[in-house]
Amino acid sequence: MDHNSLTLLAHGFAQVMMPVNLLFLVVGIVLGLLVAVLPGLTLVMGVVLALPFTYSMAVTPAIILLTAMYVSGTYAGAWTSILFRVPGEPIDVPLLWDGYPMARKGEAAKALGWTLLAAFFGGMVAATTMVLLAQPVAKIALTFSSPEYFAIIFFGLASVVSLGGGTLANALISLFAGILLATVGVDDTYGAHRFTFGVPILADGIDYLVVMVGAYGLGEVFMRMEQGFQSPQLARTGDIRTRLPRLTEALAMKATFIRGALAGIVIGIVPGAGATVASFLSYGIEAQYGKRRHKMGTGIPEGIVAPQVAATASVGGALIPLVTMGIPGSGATAIILGAFLLHGLQPGPQVFQTSSHIIYALFASVFVGIIVMCAIGYFATKYMVKVLDLPEVIVSAYVVMCCLLGAFAARNNLTDVWMMVIFGIIGYLFERFRFPITPMVLGVILGPLAEANFMTTMISFENDWTVLFTRPVASAIMAIAIITLIYPLFRYLRHQGKGRR
Amino acid sequence: MSAPHSARLRRLAPYALAGGAGMFLFYVATQFDFHRRGGTLGPDFWPKLILALLVIVCACEFARILFAKNPDADIGNVLEAIAEDADSSEPVAPPAPAARHPWRLLAGMAATLAYVALVATTGFFLTTAAYLAAFLVIGGYRNRRVIAALSIGGALLLMFIFMKLVYVSLPLGSGPFAEFTFLLMKIMGIR
Chain U
85 MDHNSLTLLA HGFAQVMMPV NLLFLVVGIV LGLLVAVLPG LTLVMGVVLA LPFTYSMAVT
145 PAIILLTAMY VSGTYAGAWT SILFRVPGEP IDVPLLWDGY PMARKGEAAK ALGWTLLAAF
205 FGGMVAATTM VLLAQPVAKI ALTFSSPEYF AIIFFGLASV VSLGGGTLAN ALISLFAGIL
265 LATVGVDDTY GAHRFTFGVP ILADGIDYLV VMVGAYGLGE VFMRMEQGFQ SPQLARTGDI
325 RTRLPRLTEA LAMKATFIRG ALAGIVIGIV PGAGATVASF LSYGIEAQYG KRRHKMGTGI
385 PEGIVAPQVA ATASVGGALI PLVTMGIPGS GATAIILGAF LLHGLQPGPQ VFQTSSHIIY
445 ALFASVFVGI IVMCAIGYFA TKYMVKVLDL PEVIVSAYVV MCCLLGAFAA RNNLTDVWMM
505 VIFGIIGYLF ERFRFPITPM VLGVILGPLA EANFMTTMIS FENDWTVLFT RPVASAIMAI
565 AIITLIYPLF RYLRHQGKGR R
Chain R
4 MSAPHSARLR RLAPYALAGG AGMFLFYVAT QFDFHRRGGT LGPDFWPKLI LALLVIVCAC
64 EFARILFAKN PDADIGNVLE AIAEDADSSE PVAPPAPAAR HPWRLLAGMA ATLAYVALVA
124 TTGFFLTTAA YLAAFLVIGG YRNRRVIAAL SIGGALLLMF IFMKLVYVSL PLGSGPFAEF
184 TFLLMKIMGI R
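Sequence lines, in order, name chains U and R. Each residue of the first sequence is one higher than the one before, counting from 85 in this note's numbering. Each residue of the second sequence is one higher than the one before, counting from 4 in this note's numbering.
Wrong hints could be hidden among the right ones.
[Said to hold, decoys possible] Quick look at which bits of chain R chain U covers, simulated, 3 or more residues with Cβ under 8 Å:
#, stretch
1, 53-59
2, 103-111
3, 178-185
No lab work stands behind these hints: they were computed from the structure. Using N, Cα and C, we set each Cβ at its ideal position, and we do this for glycine too.
The following block holds chain U by itself, in its conformation from the complex (with noise of 0.2 Å):
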C-alpha cells in the first residue's frame, strides 16, 4: 500500500467521523441490524427500502448508510438463530446448526461472543484486503478490453445460476428473463424500439430499481401476506448476555477463523455470489476439514464461527468488483451501486483518479462501522431482539410504503410505481413457484453490460466469438464460468448414475 494510499484512507476516516457522517453510519448500522433480526426482511430488501431516504443526501453519507446497513446486516440474524432458532436471514441457517444446540447447553451468552469476534474478525481482514487490493485491481482493470469485461459478467451470470437457490433451470430462466427485461426499450446504437409494443413508457427501459424493490420488497410482503403473517413462536430465554471467548480459546481456532475469512473474501469478490453463499460454503468447509469436524452440529463454535467470519468477511470481498470495475456482484452492492449512479458517479477503474475521497469514505466507513456494530452488539442485543415483538403485520405495511414511495421517489413518477407492483406480483409468483429471484435481478442488472461489452467485442473483433476463448485472460475466466455452469448437472449426473447402481 503506497503513502498515497494511506493519505487517502486517512483522509476518509476523516470524513467518516464528521458529525453528520457519523450519524448515518450509526443510523445505517441499527437500522441493518433490526432488518437481520427480523424474519420478514433480508439484508438486500434493507438497503433497498433505505435508498429513497438518500434521494436528498451528499453522495458521502448517502454510501455510508447504506454500506452501514450491508456490513451490520450480515451480522444480528445471528441473534436470533442462536437465541430462538429462528435465522432472520437464509445467511444465518448455519448458525442454527451449532448455534442453537450451544445455547440449549446453557451457553448462549457465550455463542454470542463468538458471533461477535468472528464478525469483527472477518470484517476487519476483508476490509483491510479490500483497501489493499483495490488500486492495484484497478489498474489491472485499465488493461481489460471488451472480452475481458465479458467474460468476468458472464462469470457472474453463471455463478448466480449455479450458485443461488432453487434448481438449475429455474435459475436460468429467471436469468434469462431479467436479461430479456433489461433489452426493453431504445436501443443505443440503431435507435430501434425493442419489445416496447407500442407503449410509450416502455420506450425509456425499465429501471432495475423499481425491478429490485418490487421483485425482493413487494414480492416478500405478498408471500408473507399469504401465508397469514405468522410471527415465529419464540422460545423463552434467560438473560441475555454476550461473553466474550478467552484469548487462548480463540487463538486455539485461528485455523477456522482464517479460513472462514477466506472463503468470505474470495466469495465475495465472485459476482453473483454473496454473503449467504459465503456462509454456508464455510460451515462445509469446516465441516469437511476443520479439526472437530465429527462433531459439528452438535453445538461447537466452530459451526458458529466459520459462517460467520465467512458472512462478514463477504462484505468487503463484494465491494472490490464494484469500486473496481464497477460490476455488482450481490443485490446489496447493486443498490449501493445505484446510489452511485443517482449521485452522477459511475464506479470503475477511473474512480479512483476521478473521486477517490469518496472510495476511500466507503472503505473508512467499513472500518468504522465493524467496529460501531459490534459495540452495539456487545451492548443491545437484549433490546434488538424485542422488535421481534412487533406484530409482522404492521412491519410489513409500511415496508409497502417504503417499496411505493421508494419507486415513486426516484423520478417523481407514478408509472414507476405501477410497474413496481407489476415486479412485486412478479416477484410473488417466483417464489411461489420456486423460481430464485436473484437471478433476475443481476440479469436486469449485468444483461446491459453483458450485451454493451459483447457487441464491442463482436464489432471489435469482426463478429469473431472465438476471441473470447483465444484471449488469455478472458478464456481463463470463461473456463471457470462454464465449470461453474455445469458443475450442477455434473452432479445430477453422478447421482442418477449412482442411483441406477
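Place chain R on chain U using the hints.
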C-alpha cells in the same frame, strides 16, 4: 387422469408457458424496425440469442419432466448441495406446511393496485392512511385504536419525512383533496 399424471402436467405448465412466451418474443424480435449495417450484428441479435437459450432450457426441462424416471429429482444448485453435505445437526421434524390465505393475498394485491390508481386523485395523505388501515385489517390485525394511530400517524410521518426532509413532491390530489393536502402542508410547515 391419475394423480401422478396430473402432478406431472402441473409441473410442466410453467415451462410450457415460459417456452411459449419465449417463442412469441423471438417472433417479435424478428420484427424489430432498424436499418441493418453491413457486417454488424443488429439490435435483434442479443435478445434473440437469450430467447433461443430460454426456449432450449424450457424444452430440456419439459423433456426431463416428461420422460425422466424420477422427475422430482431436480438438478439442484451448488448451494443446496453444500447445505445437504454440511447440515450435520440432529434431525428435526420438518416444519408444518404454512397455511395459505389466497383471499387475503388477493385482497392485499387489489388494495395495492387501488392505492396506485387513486393516489393521484385523492392525494398522498388520505390514500396512504386508508391503505395502511386496509392493509392491517386484511393482514388480520384487529386492534382498532392501534390501526387508527398507525395509519393516520404513519401517513403524516411519511408525508413529513418525504416532503419536508427528503424534498420529494408527493401526489397532492385534485379538487377538494388537493385543498386538504395544502392545509396539512401548511400545518406541518411544508412549502
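How the hints compare with the structure:
1. 53-59: With 4 residues in contact (Cβ-Cβ under 8 Å with chain U), the coverage given for the stretch 53-59 of chain R holds.
2. 103-111: holds (count 6)
3. 178-185: violated (count 0)
The structure fails to meet hint 3 from the earlier list, while all remaining hints are met.
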